[in-house]
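Q: Taken in order, these protein sequences are the chains called A and B. Numbered by the UniProt record's numbering, the letters in the first sequence go through residues 1 to 196 in order. Numbered by the UniProt record's numbering, the letters in the second sequence go through residues 1 to 649 in order.
If you are wondering where the hints come from, they were derived from the structure by calculation, not from laboratory data. Among the hints, erroneous ones may be present.
To be verified - In silico lysine-lysine, DSS-like type, Cα no more than 30 Å apart, as pairs: (1) Lys-361/B <-> Lys-264/B; (2) Lys-270/B <-> Lys-361/B; (3) Lys-149/B <-> Lys-154/A; (4) Lys-142/B <-> Lys-154/A; (5) Lys-57/B <-> Lys-591/B; (6) Lys-237/B <-> Lys-472/B.
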Amino acid sequence: MTVMEFFGCGLIAFGPPFSMFCLTICKDPIRIIILISAEAEAGLQKVSEVGVQNPVVTDRLTLSYVAGLGFGIMSGAFSLVNVLADAIGPGTVGLHGDSPYFFLASAFTTLAFILLHTFWGIIFFQALDMKNYILLAYVFFCHLSVSALTLFNKSQSYAASIPPIYIITLVTAGLAFKAAGGSFNNVKAACVSRRN
Amino acid sequence: MNATHSIGCQTNSNGNVGIVFVIENDDDLEWVLHKGTSVPYIPALYISYFTKDVLLKLRDSGRISGAILLNSKNSKRPDLGFSPDKTCPNEGFGLYANYPQYSHCTLNEWNPKNPVTDLMFIDWKIPLYLLSDEASIRSLTKCFDEHNKPNGTEPNWPLCAVELNSRMMAAANSPTCIRRSHLPLIPLANPITFCDPISSYNIISTLFPTNEKMIVKNHSLIVVATRLDSLSLFQKKAVGAYSVITTVITLLSVAHTLAANAAKFSKNDKNVLFAFFDGENWDYIGSSRAAYDLKHKSFAPIQDLIPYYKPANFSLEHISHFIELNQISSNQDTIWVHTDPISIKDNYVNQTVTDLIQLFKNKSSNLISINRTNAPIPLPPASLQSFLKEELKIPGIVLSNFEMQYANKYFNSFLDFETQENNETIRFLTNMSTLVANTIISLIDRNQIDVVADETIVKELFNCFLINTSCKLFKELTYDNMPQEITKDTSTSVAGYTNPEKMYEMSAYVSIVLRLLINFTGSVVSHSSKSECMNLMKNNSSFSFTWVGSGDNGSCISSSCFLTAALSPAFLNDSVDWKTTYSTWTESEWKISSARLFLKPSFAHEMSTLFAGIGVFLFSFGIVYIIQEYIIFTLQRNPSFSPVREPTM
Chain A
1 MTVMEFFGCG LIAFGPPFSM FCLTICKDPI RIIILISAEA EAGLQKVSEV
51 GVQNPVVTDR LTLSYVAGLG FGIMSGAFSL VNVLADAIGP GTVGLHGDSP
101 YFFLASAFTT LAFILLHTFW GIIFFQALDM KNYILLAYVF FCHLSVSALT
151 LFNKSQSYAA SIPPIYIITL VTAGLAFKAA GGSFNNVKAA CVSRRN
Chain B
1 MNATHSIGCQ TNSNGNVGIV FVIENDDDLE WVLHKGTSVP YIPALYISYF
51 TKDVLLKLRD SGRISGAILL NSKNSKRPDL GFSPDKTCPN EGFGLYANYP
101 QYSHCTLNEW NPKNPVTDLM FIDWKIPLYL LSDEASIRSL TKCFDEHNKP
151 NGTEPNWPLC AVELNSRMMA AANSPTCIRR SHLPLIPLAN PITFCDPISS
201 YNIISTLFPT NEKMIVKNHS LIVVATRLDS LSLFQKKAVG AYSVITTVIT
251 LLSVAHTLAA NAAKFSKNDK NVLFAFFDGE NWDYIGSSRA AYDLKHKSFA
301 PIQDLIPYYK PANFSLEHIS HFIELNQISS NQDTIWVHTD PISIKDNYVN
351 QTVTDLIQLF KNKSSNLISI NRTNAPIPLP PASLQSFLKE ELKIPGIVLS
401 NFEMQYANKY FNSFLDFETQ ENNETIRFLT NMSTLVANTI ISLIDRNQID
451 VVADETIVKE LFNCFLINTS CKLFKELTYD NMPQEITKDT STSVAGYTNP
501 EKMYEMSAYV SIVLRLLINF TGSVVSHSSK SECMNLMKNN SSFSFTWVGS
551 GDNGSCISSS CFLTAALSPA FLNDSVDWKT TYSTWTESEW KISSARLFLK
601 PSFAHEMSTL FAGIGVFLFS FGIVYIIQEY IIFTLQRNPS FSPVREPTM
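My request is simple: use the sequences and hints to build the entire structure.
A: Shown next, in the form of structure tokens:
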């Protein structure tokens with residue numbers, strides 16, 4: 001009877017990546033290929049898009065974003081699929097005194113990791129591009145610390161793991177935005193143009 | 001299922017889920033029946049509440065999706081009895097079906113009324129489970145105490161729930177499901193079947209060997225018979241200790257005693273036929289088939305199992321006496337003799353029966369008192385009825401430990417078991433086999449020879465069947481690729497095995513009794529290797545040869561034992577006559593039963609998770625749209641992230 005829990009958790013973890021896919025990726029077949037297999041870059045260059053503005057394979061920003069999101073979705077799918085498979089059964093967690101929020105916590109952690117992988121992808125590409133070793137180190141240590149934070153989940157201290165993970169996600173999102181060439185001015189400009 | 005009804009328990013295809021509720025008193029029952037709001041429940045009842053009335057009330061309330069009986073192995077058996085069979089077992093079948101003055105137990109109901117009478121024959125439509133493992137009972141009650149126990153008010157979610165799964169494939173009744181099984185579908189390697197006729201094997205042996213060419217005289221065959229099977233509401237829980245096992249032990253011991261002394265008897269035309277009928281609780285499947293075959297002169301070993309042995313072609317006229325042992329166990333050292341009021345109207349039958357009873361009385365030597373039941377009372381449910389139905393001129397008696405009502409309060413239930421060596425019963429069974437053996441000897445041989453049954457054999461059989469199945473006697477039987485573990489399951493219930501792929505699947509219990517009978521009545525062919533034994537088997541049709549042992553180590557036993565089909569005559573033709581007077585019981589195909597215990601989240605919790613998911617998804621869609629449309633747009637005008645490589649076009 002917890003089919004509802006299954007869909008709820010599935011939408012939490014994969015809803016945002018799905019929106020990103022729908023709005024930014026699926027309009028371009030080459031992006032879909034890169035999403036699934038980022039290593040196809042060299043081959044794709046040979047059949048590359050003639051006359052297309054901002055071709056993916058040459059636009060490092062798009063490439064890093066698409067590849068990062070692809071990696072994130074795959075890692076998320078692997079980490080959540082077992083939990084989701086159990087969620088579809090008739091029961092929920094808690095028979096041996098476990099937290100009933102296990103499914104929700106798993107879903108939100110997975111969402112954070114999918115987003116983080118996307119941002120890390122963008123930052124990492126730019127860091128290597130610019131030989132910016134500080135950013136490179138940031139990605140490494142950020143990944144390490146977020147992964148370490150999930151160890152709190154084992155003792156069901158979800159309050160100790162999920163808020164910090166989301167704070168780190170927000171910071172990383174900012175860094176990725178900056179790496180992609182954005183700045184506060186862009187946001188301001190966007191707000192202005194929206195009002196007009 | 002039979003021609004008109006289906007009985008028993010079942011669940012939906014994905015199992016039935018319900019909130020666990022351990023019922024300990026009437027208030028708990030009231031809570032499940034009326035007060036509680038978290039329906040459906042699956043009540044867990046101790047045996048005092050596991051009664052027909054309570055269960056029907058629960059089922060008819062529509063508020064339960066199953067029920068569990070909590071009964072650990074050491075708990076006390078109810079004083080009021082526990083027998084889920086009918087008060088008139090096999091009613092409407094057998095000899096008295098066409099005699100309204102006797103049918104449906106008009107004169108006497110054999111199985112005393114008890115709290116669970118008829119439980120076996122109700123179409124429950126919900127699952128009923130038995131939990132006897134202490135650890136499982138503890139985890140279930142703990143889960144209930146921690147999560148579900150109401151303190152006057154409804155307990156908080158999440159609640160402890162259980163899922164029971166035992167899907168039955170067939171529906172309605174035997175004609176419907178047999179017709180569905182025979183629908184012209186695409187021919188598959190494994191044809192789809194929904195139900196199989198209940199069937200098994202009758203185990204037969206003769207005291208003196210016979211062969212095909214032998215001419216058997218009329219009234220020369222003494223049949224000593226018993227039933228093999230018992231019942232239980234719960235799968236694999238039919239021990240049937242005092243319902244059948246003690247009687248089977250007695251007959252085995254009689255066969256052993258007679259065979260051991262066979263050389264002493266002067267040769268004459270008489271012979272003894274030992275018969276163990278199976279499926280008797282399902283409207284006399286085994287005996288009705290045997291009587292049918294004897295009437296039609298087709299009583300022969302099953303070809304595919306015993307291809308070479310050809311015993312004499314027996315028929316109903318050959319029977320001189322029919323002695324049936326039915327529920328033999330000590331009841332104040334008294335044995336009651338039941339006779340049939342219809343057949344003794346014939347002078348010959350009456351005289352033979354009276355003589356036979358007198359002979360029993362003479363031979364009983366004060367150890368056992370033999371009493372005849374009062375005249376108008378008909379036979380109890382017995383295999384003899386099937387024989388009399390085909391031929392009224394058979395002089396027959398039924399020996400049992402009860403007069404008007406079964407002495408066994410747990411007849412055909414999972415509680416009919418024994419946990420310790422019962423020396424009184426063992427001695428009684430030994431005396432009883434001595435008595436039956438000596439009576440039979442008097443019938444076949446004018447020279448009076450007195451024999452004594454071996455008490456150690458009876459004791460060993462009692463211990464092996466009822467107390468510890470991993471005993472020496474049973475271990476010796478595990479030849480022929482029969483794994484030793486299999487002897488641990490001595491469940492006496494029968495099942496549907498008639499499907500072509502499952503044909504010749506034999507329950508461990510039937511196989512054990514057959515092997516014991518071979519050992520007890522057969523003789524070892526000296527200095528015979530396995531291959532010589534196989535050759536003997538192929539070239540000699542007057543004995544049944546069995547290689548007893550593993551591999552080449554063992555001995556060759558020649559006996560007169562064989563198996564006949566215990567499949568109701570109703571199923572012999574391709575088109576079944578459903579108005580037949582023979583058993584029409586079939587068993588539905590089923591999947592392995594299972595039960596799972598878990599916490600069930602409240603509906604509100606489930607809804608909030610779902611809406612959280614939908615909310616996150618819609619919110620993210622909006623955010624991504626805004627970023628895509630307004631912010632990325634501004635980014636692309638001043639890219640700091642320039643391509644490092646030009647396209648190689």
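Q: Could you run down the list of hints and mark each one as holding or not?
A: Comparing the hints with the structure gives:
no.: 1; hint: Lys-361/B <-> Lys-264/B; result: 24 Å, holds
no.: 2; hint: Lys-270/B <-> Lys-361/B; result: 22 Å, holds
no.: 3; hint: Lys-149/B <-> Lys-154/A; result: 29 Å, holds
no.: 4; hint: Lys-142/B <-> Lys-154/A; result: 24 Å, holds
no.: 5; hint: Lys-57/B <-> Lys-591/B; result: 28 Å, holds
no.: 6; hint: Lys-237/B <-> Lys-472/B; result: 23 Å, holds
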